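**Q** The chain contents come next:
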Amino acid sequence: MPYRITENCNGCGACKRICPAGAISGERKAVHAVDADACIECGACGRVCPRSAVLDRNHDVCVMVKRSEWPRPDVSLKSCTACGICVEACPAGCLVMAETPRKGGVDAWPYLKDEKACIGCGFCGGECPAEAIVMRKPEKGEKTAA
Amino acid sequence: MPFGYMGKILLVDLGSGELEERNVPDEVYEKYLSGMGLAARLLYDMIPAGADPLGPDNVLGFVSGLLTGTGSLFTGRWMATGKSPLTGTWGDANCGGFFSPAIKRCGYDGIFFRGIGKSPVYLYANGIKAELRDASHLWGQDTVEAERSLIAEASPTAHVALIGPAGERLSLISGISTDRGRMAARSGLGAVMGSKRLKAVVLDGKKRIRVHDPGAMRTLTKKCSGSVPPSIPISGGMNAMMGILLRVLPTAMAMDGRLVLSMYRKWGTTSLNQMSIEWGDSPIRNWAGNNEDFGLRRSAQVNPDEIRKREKVKYHCYSCPLGCGGICTMEGKYRETHKPEYESVLALGGLCLNEDARSIFYLNELLNRAGMDTISAGATAAFAIECYENGVLTREDTGGLELTWGNTGATVALIEKMVAREGIGDVLADGSKIAAARIGRGSERHLVHAGGQEPAMHDGRSDPGYAVHYSVEPTPGRHTLGSWVYYEMWQLWKTVKGLPKPALFYFKGSKYKADAEKARIAALNSKFMNVVNGSGMCLFGSFLGAGRIPTFAWLNAATGWNRTPAGYLEIGERIQTLKQAFNVKHGIEPAALRLSPRALGLPPQPKGANKGRTVDIEKLTRQYWMEFGWDPETGKPTGECMSKWGLESR
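One line per chain: the protein sequences are A and L, in this order. Taking the numbering used here, the leading residue of the first sequence gets 1, the next gets one more, and so forth. Taking the numbering used here, the leading residue of the second sequence gets 147, the next gets one more, and so forth.
One should not assume that every hint holds.
[Unchecked claim] Incomplete in silico selection of chain L near chain A, CB under 7 angstroms:
id, residue
1, P247
2, L278
3, P302
4, T303
5, K352
6, R354
7, T367
8, K460
9, Y464
10, C466
11, P467
12, G469
13, S589
14, L650
15, F653
What the hints contain is simulated information worked out from the structure, not anything from laboratory work. Remember, it's a predicted structure, so these values are computed and weren't measured experimentally. Note that CB positions come from ideal geometry on N, CA and C, so glycine has one too.
Please build the complete structure, drawing on both the sequences and the hints.
**A** Structure representation (structure tokens):
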């Protein structure tokens, strides 16, 4: 069940700008709409909406969260097998594989190349078969290792 | 709602420029899986009998796999499919990287192209829109450059499959590249893409791939992950010694794939470089030589430890915890290349008696960038060298090249000419069989091929299973479809009752006994590989063995089906019959695909690891055909067999 935008929408366009799937359309200052077929249910639209106009897959109203408080992937390289599933699952393209081996190892490692682009969807952690990724809110001033 | 598969394909007509999304009924997946099975089902109907492989009627398919993106492991393989211009048969080529999930993220299980474009184009799709874009500015660029340009042009998260100059120039041994030169190399499908003036397929979708039971998938995957072995704690030198041991011992041991994977974890397929030569698995000097012609001293530069010194970082395909690939550094014009695979090392090395590792690294990158198959290119060079050594080709023919065995400079120059289609290179750029027809003068005596395709670097005189599969598969000359050692590693008897179980230790001579059990094993190999290729699974992952890699259970958990392993093998049998029927529809006589006598041990080798070995291909082929219910005299599926699989109406 895809996300949906209600009449509360003021057409600010924040959701349209952040949607990594390009699933949201709408004119400025007009009610926006989610293309049900294109929606990947990442929830980014709900986290940025200042008008609580986004309903999630369970029809619950999404709550706006300050971007600095969005969870970020924290990769445990001890468990990571470098299989690349997390990188491929990332709809924002912000998690990438390093082109150098990890310290003391031979495999590459996934890291958050563009922290600002992370939408906190958790797809990387959700798909990681090694359970090597935990989504957590960064501590103040902390740069995530992932 | 489909689970595991996307339930949709994209059909592109390059002639008219029309794009059409088509829903595929569930029944098709239930009968043929996705991936290669789906492609076989569709292309059997779509490509008219007798279609010119380089004409508008051929259909080129890019297919993902049923298990790709479902939370399973080792399932990042995609395949290119179509009628092969090299063999005239069903053609397919398999490749890893990240292109397989990219197909599904756009909402498709496959993307199919028919027709011929008026000018070079590429397809861009992102799950919301799909469109053809001008590629004139990319025509002529190599695979690495053009991929970089396309990613910059389209999106940094896009994945690209594309041809290089070899495909553009319709070389019949050209392939399709992805991820900086990983090749879907075989069957000459790069030329099909070139003939359609399709430079690239650029995918940037984000769609979710749904599975029926995510919890079960996770449990199965976790268990499988735990069985992936660590790197083997031995040196490259010891590895080569193992090859000698395997040669001198009169007995062999049923291979456990965990041992092979622990070597692949450390060195990738280059772990086989010296070991395979020593035990007789590697063809040497255009299949006329043996391990003594390319002993440890001559092969020293390709010892896996030597290759590993150049490895900058390991390369993992999508969903692979093993990482047999690597990115290597090198001197000279190209600074990096994918770690040359065993196949490339032997085709460009031992097969031409070339012992220079630097030239192998260079040629590996040259061919990856040109988009030409390293196996066929090396094998065609070996054929040309043999012609030269026997006076069939002269110095005048070669444009001054002293094309002798082991002449590295001449071998490199020859392959450069093949890539550029210059002089003798133009004669050779379509593979050895066509080259022999162009050269004449008895050059066909020096040919080693199966149905027109150069066989890969595993010698059937060591493991007759390879010779059987090179000869009987609807796609001839492929090494990734079966052998006796693959069957040992797959351990299918652990999940399917009543299947033959090899003895733990056996006398090597028993491998050459052409009994009914061998044909049964070969048929089981083909059936299982169709399931693997329908699932997007990696051959190496399958080596873990059925007790450790839950192929069938994953398929059930991903789709919600409740099939038995035997039921899946039945699907594999249906796909094999369909591919054979494809060949028959296109006028192929199955017996004509047989491997050249030399590679079958006819006459037997006078010395070396495979001394005196001959494969009784006649008997094995006949029995193999009977396993599928095909006519034992012609190899064509009988009417009864076709109706058993519901194929009679096609």
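**Q** Now tell me, hint by hint, if it's right for this structure.
**A** Status of the hints after comparison with the structure:
1. A hinted interface residue such as P247/L counts as satisfied when its beta carbon comes closer than 7 angstroms to some beta carbon of chain A; here the least separation is about 5 angstroms, so the hint holds.
2. Given the 7 angstroms rule on beta carbons, the hint for L278/L is violated: about 19 angstroms separates it from the nearest Cβ of chain A.
3. Taken as an interface hint, P302/L checks out: its beta carbon lies about 6 angstroms from the nearest beta carbon of chain A, inside 7 angstroms.
4. With a cut of 7 angstroms, the hint placing T303/L at the interface with chain A holds, because the nearest CB-to-CB distance is about 4 angstroms.
5. For K352/L, the suggested interface contact is upheld, since its CB lies about 4 angstroms from the closest CB of chain A, less than 7 angstroms.
6. The closest approach between the C-beta of R354/L and any C-beta of chain A is roughly 5 angstroms, which is under the 7 angstroms cut-off, so the hint is satisfied.
7. At a threshold of 7 angstroms, the smallest CB-CB gap from T367/L to chain A is about 5 angstroms, leaving the interface hint in force.
8. Satisfaction of the interface hint for K460/L is found here, the shortest Cβ-Cβ separation to chain A being roughly 5 angstroms, below the 7 angstroms cut-off.
9. Interface restraint check for Y464/L: the shortest CB-CB distance to chain A comes to about 5 angstroms, inside 7 angstroms, so the restraint holds.
10. With 7 angstroms as the threshold, the beta carbon of C466/L comes within range of chain A, its nearest partner Cβ sitting at about 6 angstroms, so the hint holds.
11. A hinted interface residue such as P467/L counts as satisfied when its beta carbon comes closer than 7 angstroms to some beta carbon of chain A; here the least separation is about 4 angstroms, so the hint holds.
12. The interface hint given for G469/L is met, as the beta carbon of that residue sits about 6 angstroms from the closest beta carbon of chain A, less than 7 angstroms.
13. The beta carbon of S589/L is not positioned within 7 angstroms of any beta carbon in chain A (closest approach about 45 angstroms), and the interface hint is therefore violated.
14. A hinted interface residue such as L650/L counts as satisfied when its beta carbon comes closer than 7 angstroms to some beta carbon of chain A; here the least separation is about 31 angstroms, so the hint is violated.
15. Using the Cβ-Cβ criterion of 7 angstroms, the hint placing F653/L at the interface with chain A is not satisfied: the shortest such distance is roughly 39 angstroms.
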